[in-house]
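Asker: Let the hints inform the model, and build the full structure from the sequences given.
2 protein chains.
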Amino acid sequence: MKPRERQKNPTGSEKVTIYDIAEAAGVSIATVSKVINNRGRVSEQTRERVLRIIRELNYAPNRITSALGGKSMYTLGLLIPDISNPFYSEIVRGAEDCGRKWGYNVLICNTDNDTRREMDYLLSLREKRVDGIILATASNTDTRREDLESLGIPVAFISREIPGFESIRVIVDNFRGGYLATRHLIDLGHRNIALFTEPLNIVTSSERLRGYAEALQEAGIPYRPEWVRPGGFGVESGYRLAEALLRDSHDPMPTAVFAANDQLAIGAIQAFKEAGHSIPEDISVVGFDNTILCTIVDPPLTTVAQPMYDMGVKVVNLLIEAIQNEGSGSERIVLEPKLVVRRSTAKPKSPLPR
Amino acid sequence: MKPRERQKNPTGSEKVTIYDIAEAAGVSIATVSKVINNRGRVSEQTRERVLRIIRELNYAPNRITSALGGKSMYTLGLLIPDISNPFYSEIVRGAEDCGRKWGYNVLICNTDNDTRREMDYLLSLREKRVDGIILATASNTDTRREDLESLGIPVAFISREIPGFESIRVIVDNFRGGYLATRHLIDLGHRNIALFTEPLNIVTSSERLRGYAEALQEAGIPYRPEWVRPGGFGVESGYRLAEALLRDSHDPMPTAVFAANDQLAIGAIQAFKEAGHSIPEDISVVGFDNTILCTIVDPPLTTVAQPMYDMGVKVVNLLIEAIQNEGSGSERIVLEPKLVVRRSTAKPKSPLPR
DNA sequence: ATGAAAGCGCTAACAG
DNA sequence: CTGTTAGCGCTTTCAT
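Quick mapping for you: the protein sequence lines, in order, are chains A and B. Going letter by letter, the first sequence gives residues 1 to 354 in the UniProt record's numbering. Going letter by letter, the second sequence gives residues 1 to 354 in the UniProt record's numbering.
The set of hints was computed from the structure by calculation and includes no laboratory data. All clues stand as given, with none of them false.
Restricting the straight-line Cα-Cα distance to at most 30 Å, the calculated cross-link-like pairs of lysine-lysine (BS3-like) are:
hint	chain 1	residue 1	chain 2	residue 2
1	A	Lys-273	A	Lys-347
2	A	Lys-128	B	Lys-34
3	A	Lys-128	A	Lys-101
4	B	Lys-15	A	Lys-71
5	B	Lys-128	A	Lys-15
6	B	Lys-34	A	Lys-71
7	B	Lys-349	A	Lys-273
8	A	Lys-347	B	Lys-273
9	B	Lys-273	A	Lys-273
10	A	Lys-338	A	Lys-273
Partner residues aside, some chain A positions facing chain B, computed with beta carbon under 8 Å:
hint	residue
11	Ala-67
12	Glu-96
13	Asn-105
14	Glu-127
15	Ser-150
16	Asp-298
Keep in mind it's a predicted model, so treat the numbers as computed, not measured. For every residue, glycine included, the Cβ atom is placed at its ideal position computed from N, Cα and C.
Answerer: Set out below in structure tokens:
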């Protein structure tokens, strides 16, 4: 009649286990397990007694162990370039809110667009047996595809996808977005439009560039490679890009800039203003994303909006659905970007003063 | 000579376990475990063979199971009001960066300052046996103290503490911060200074209020309760607070506002501008935190800076140290806030036009 | 240098 | 309704 030789818990200092509860309640661990998980038949009387003991002993079932028995840990991994970027923090908020509704927690990982670090995280998350992974990837090669497949975990892409890779993807039509931004400028009368962009190996960048080129072509405006300027990701990068643009002598100078994310746009605006140009009188600027920054910057930034929060919600919904169906999912949700016109764009007044 | 009756892995489709490796390498699972964890003595030859097999079979040790054997999951829980608030996303970035250096992952939880949800998360994290918890709490009652103690997990406070609760705390001297902001305004010549603040039950708010009051008193300026206006947390709340201030007839009207966080300050600036007042000519505004928003808003916001990123790094360092020493830690790190003067504050020109 | 075996805390048949 | 028991995948003595 001694089911197991275990260390006792006289002080309550050590972790209390299901055995402690069983013993204190005078039942078997099976019964305790049943009341905890609300399954099987247990008399109301025992159930209550067990629950009382659980409370008295301040017992918390160990999910980590139950996960051993085939259950999952209800945890998702979320890999993004940088949580301190408002674009991603908004996505994460949506994802976490949605995860919570389903009982999942989310592990955040900042990759800084470093594919090496991305891989490290992926491996580590696999060892921790997360149920699924949401990835805003910096990779686009076929190598990474194999890596992902060998992971054996459902992976969903958010915002950035690996072209041709079949799995859940929730993205925006970046080609269209690039087109909309450029077209807006063209419609205003601009013909000399520069493009500031994140590194072009990132899919979203090349797509937005395509949209930009398409709009130009459609309007019969020549595409000038020297006006396409890839930089980094942040405000400082936009600032430097703008400085460089002003420094280089161009004839004519651009009267408008399409910056392929809001931070680049804001950095550019700061540089332009410091150089004595006013926005939008001297130069129009369009951003991309529609982060909170757009409404705060002066002038408020015209931008191409992505539904960030909803995107976070959508991937998580799709991913969890796939997880619970034991599948890996393959929906490709392409959201429509929307042009939001604010005060950073206007008709070109005159050539940029030199 | 059959160590265990296990399902085989002919297709490689099922998860490969340490047994599969052991069998394929012709050694015992103990040996495999040794090479994985780099402990005990294993001949170079076997080690290499095992490693090769591991690679061939694409094996990933199951951390979740090893955690059963007394190890930890190397995971931290991080509870904050809202990740989409730049103040917190910066802290989280610091925390995650630091966690990664130590090999820890972090689970983010958005509480929205809801103490109920905070508790739910706490309980859930305990069941998942996180190694430690970092908390920017919305609670300040003694009840919560018991809850936290009964958790049996090291808890570290970031930014907001529960007064008198012994544990790791990394905070800023909010009293001093409130004083600095108000003092700055007074030094500029303002005597009619309103205070916009988060709800006063939050410790940081009441401390900043104390600082505000102290500065007033020191300058012999009467404290006017009707000028202390608690609101919510976001930009819209600041906007509404400012609207209300303008609406209420005050004689004299405040010539300056100390908004106890940047978002409130920015909302206030927007409202003031829309009402036709210019900043800082008509009204000076000081914020708190020094988020990225300060440099973007127009005019750039004078604020009281907190070292957000470093605070994230510091808590995690302290917490992990405590975890690894099996202790719970009790350091109270109080950082000095620093006034950052930008262009949203100036000498009062004249009474606010009515 | 290597392996057998005893857990870790819990779930899930399967018997009573 | 309740209890027995066999794992889950890995770590860790303790022999060999």
